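The listed protein sequences derive, respectively, from chains A and B.
Read in order, the letters of the first sequence correspond to residues 1 to 336 in the working numbering.
Read in order, the letters of the second sequence correspond to residues 1 to 336 in the working numbering.
Do not rely on the hints blindly, as some may be mistaken.
Note that identical chains are pooled: a pair holds if it fits in a single copy or bridges any two copies.
The list that follows gives simulated cross-link-like pairs (lysine-lysine, DSS-like), each with its CA atoms no further than 30 Å apart [what the hints assert, rightly or not]: (1) K80 to K109; (2) K146 to K336; (3) K175 to K122; (4) K277 to K336; (5) K277 to K146; (6) K6 to K220; (7) K109 to K122; (8) K302 to K336; (9) K175 to K302; (10) K59 to K198; (11) K109 to K121; (12) K203 to K175; (13) K200 to K121; (14) K80 to K336; (15) K80 to K121; (16) K59 to K115; (17) K336 to K203; (18) K336 to K263; (19) K256 to K122; (20) K175 to K59; (21) K121 to K198; (22) K263 to K175.
No lab work stands behind these hints: they were computed from the structure.
Computed from a prediction, not measured in an experiment: that's the story for all the values here.
2 protein chains.
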Amino acid sequence: MPMSQKKTILTGDRPTGPLHLGHYVGSLINRIPFQDTYKQFVMIADMQALTDNYDNPQKVRDNVLEVALDYLSIGIDPTKSTIFIQSMIPQIAELTVIYLNLVTVNRLKRNPTVKTEIGQKKFGEHIPAGFLIYPVHQAADITIVKGDVVPVGEDQLPILEQTNEIVRSFNRIYKTDILHEVEWLASKTPRLPGIDGKNKMSKSLGNAIFLSDSADIVAKKVMQMYTDPDHVHVDSPGKIEGNTVFMYLDVFDSEKNEVAEMKAHYQRGGLGDVKVKRRLIEVLNAFLDPIRTRRAEWASDKAQVMQILFEGSAQTCEVASQTMEQVRQALHLDYK
Amino acid sequence: MPMSQKKTILTGDRPTGPLHLGHYVGSLINRIPFQDTYKQFVMIADMQALTDNYDNPQKVRDNVLEVALDYLSIGIDPTKSTIFIQSMIPQIAELTVIYLNLVTVNRLKRNPTVKTEIGQKKFGEHIPAGFLIYPVHQAADITIVKGDVVPVGEDQLPILEQTNEIVRSFNRIYKTDILHEVEWLASKTPRLPGIDGKNKMSKSLGNAIFLSDSADIVAKKVMQMYTDPDHVHVDSPGKIEGNTVFMYLDVFDSEKNEVAEMKAHYQRGGLGDVKVKRRLIEVLNAFLDPIRTRRAEWASDKAQVMQILFEGSAQTCEVASQTMEQVRQALHLDYK
Chain A
1 MPMSQKKTIL TGDRPTGPLH LGHYVGSLIN RIPFQDTYKQ FVMIADMQAL
51 TDNYDNPQKV RDNVLEVALD YLSIGIDPTK STIFIQSMIP QIAELTVIYL
101 NLVTVNRLKR NPTVKTEIGQ KKFGEHIPAG FLIYPVHQAA DITIVKGDVV
151 PVGEDQLPIL EQTNEIVRSF NRIYKTDILH EVEWLASKTP RLPGIDGKNK
201 MSKSLGNAIF LSDSADIVAK KVMQMYTDPD HVHVDSPGKI EGNTVFMYLD
251 VFDSEKNEVA EMKAHYQRGG LGDVKVKRRL IEVLNAFLDP IRTRRAEWAS
301 DKAQVMQILF EGSAQTCEVA SQTMEQVRQA LHLDYK
Chain B
1 MPMSQKKTIL TGDRPTGPLH LGHYVGSLIN RIPFQDTYKQ FVMIADMQAL
51 TDNYDNPQKV RDNVLEVALD YLSIGIDPTK STIFIQSMIP QIAELTVIYL
101 NLVTVNRLKR NPTVKTEIGQ KKFGEHIPAG FLIYPVHQAA DITIVKGDVV
151 PVGEDQLPIL EQTNEIVRSF NRIYKTDILH EVEWLASKTP RLPGIDGKNK
201 MSKSLGNAIF LSDSADIVAK KVMQMYTDPD HVHVDSPGKI EGNTVFMYLD
251 VFDSEKNEVA EMKAHYQRGG LGDVKVKRRL IEVLNAFLDP IRTRRAEWAS
301 DKAQVMQILF EGSAQTCEVA SQTMEQVRQA LHLDYK
């Protein structure tokens, strides 16, 4: 399929911390095939990260590089994917301001994703306006590169609905068809729990294994992993359901037969947690080792990493300015 | 005083209609001395006009040129003032998005100016988000050019308070002093009522005399002007208070003694409305004639007018990009 016929996909992350195995399994892993099947833009969403980290910009700044290193080390290839920094695309802000006229305040407040997150973040009466409008900002992120497809979790679907509402309003009001609706690409990958076995993996909950963790730290974290709390003696039977270590083995251990055997052994008794954990440590470190190696290589030349981000941002700017030219025409703002 | 020591003033208008005598007396007239005493930026606020005219962009587009012609014809001198089009300064949108994180939704809703206007505009439950946030957009307009002084009516003071709140928050949170608070320059000019004598002059109320009105139209409008409704016979005494024609003469007739005599005559009886109106027609047309001549000259070369706006916008962009560079540094978004 020639380049021009490829659909455009937008993926990305908020640079609020290094990426972890949860990110990997939930989304990063998909970006490797995406970069062949799609025209892939990978956005480091620093502006969005600032909406609820506005008082800690250094954290956002530092993590832009960390996230970029994570991308490069897992195999996102800058010759195939366009990695860019959101704040380097001023057209996104321009488009956001234009879209804000097409959305009512009440509509923003009713957005289920935003409602849930406002509760979680404990803003109380102090909801930053930038947070309330972030779905509009995301609509601009997606449409500025003419995204066709966006892979997000089901909890983020209201954001895509908001985007498509804006697209329809824009095309109807300005009698144009320059914007098109975006499709949701549902992720079929499992959601990996944190090492506590209870919550989604998250930096703030302290239950994450990062792609950048050393072998020792991975070993330590796996040793703390939640298993079967009733499995006190090695000889007694243990439970597989809800046993985090086995969940991880299911995802990362390619020797499916051996895992099945271990499960049976664990269930009938005689296989200790420590032994299973040691296997997981080996498996995880075998998986992470090449990532660590590539990370170390890239990290030794941070200027080159920044160069990649600058080039990706410049390419994105070019696409964005083409979109804005069309938007300006539609809005009769194309002064001549 | 050397150029660099001049304070910066930001003035401007929403291009939603041609400018009228109310604009002239209330603000345009001041911009002539301002262009010597200040570094003056004059903004044609097309983006702000779109917040409540998003469904009629052609109206906004057309009035950008009309407003520019009004500016040039009253003597705003593009070699002394920087006239620019708001939408041509993408940095304003960038700064708006950054400021939105520093303002809460509740704070925006409590803004008295916005509250009043939301009532007037009958949005009901359908307040466009762009309208709610327009004070933040204005804070960006003012601070992107490092405005020191803004001349606005008293009803717009809450907008300046919002700007200064944002400036203080920004400087505190980002430990900087790059932004400074803006001063209000109260206008000492009278508020000119419309020809109905009741309301502020306004295009939508149909009670305005435009700077671009022909002599005939001015005559017709003055003839419709509200005077003293009880002054039915020429011989009976008439009232000066609330008599629109005399209010206009007070503003536009330089022969103060003659006006005083006419007032006395009118009050004791024997001076008819038509006679007073004829005088006002003469006075207004004498005032408007050189404006009309200059307007016709500029209007014969619209490309040159647009060129002036483009050059002013390019100059503003330069200032704006310096401000954004400082803002990016403060926010640690100055990637290197």
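Hints, verified against the model:
1. K80 to K109: neither (38 Å within a copy, 46 Å between copies)
2. K146 to K336: both (25 Å within a copy, 28 Å between copies)
3. K175 to K122: between (41 Å within a copy, 25 Å between copies)
4. K277 to K336: Intra 68 Å, inter 42 Å, cutoff 30 Å: neither.
5. K277 to K146: neither (45 Å within a copy, 60 Å between copies)
6. K6 to K220: This pair counts as neither: shortest intra-copy Cα distance 44 Å, inter-copy 64 Å.
7. K109 to K122: both (15 Å within a copy, 20 Å between copies)
8. K302 to K336: between (43 Å within a copy, 10 Å between copies)
9. K175 to K302: between (46 Å within a copy, 27 Å between copies)
10. K59 to K198: Answer is within: at 27 Å inside a copy they meet the 30 Å cutoff, but 57 Å across does not.
11. K109 to K121: For K109 and K121, both the intra-copy (15 Å) and inter-copy (21 Å) Cα distances are at most 30 Å.
12. K203 to K175: between (45 Å within a copy, 27 Å between copies)
13. K200 to K121: Within one copy, since 16 Å is at most 30 Å while 46 Å is not.
14. K80 to K336: Between copies, since 23 Å is at most 30 Å while 37 Å is not.
15. K80 to K121: neither (36 Å within a copy, 50 Å between copies)
16. K59 to K115: For K59 and K115, only the intra-copy Cα distance (25 Å) is at most 30 Å; the inter-copy one is 37 Å.
17. K336 to K203: So K336 and K203 pass the 30 Å test across copies only (27 Å; inside, 50 Å).
18. K336 to K263: Intra 71 Å, inter 51 Å, cutoff 30 Å: neither.
19. K256 to K122: neither (43 Å within a copy, 65 Å between copies)
20. K175 to K59: between (43 Å within a copy, 15 Å between copies)
21. K121 to K198: Within one copy only: 19 Å inside, 51 Å across.
22. K263 to K175: neither (61 Å within a copy, 56 Å between copies)
When the structure is compared with the earlier hints, violations turn up for hints 1, 4, 5, 6, 15, 18, 19, 22 and for no others.
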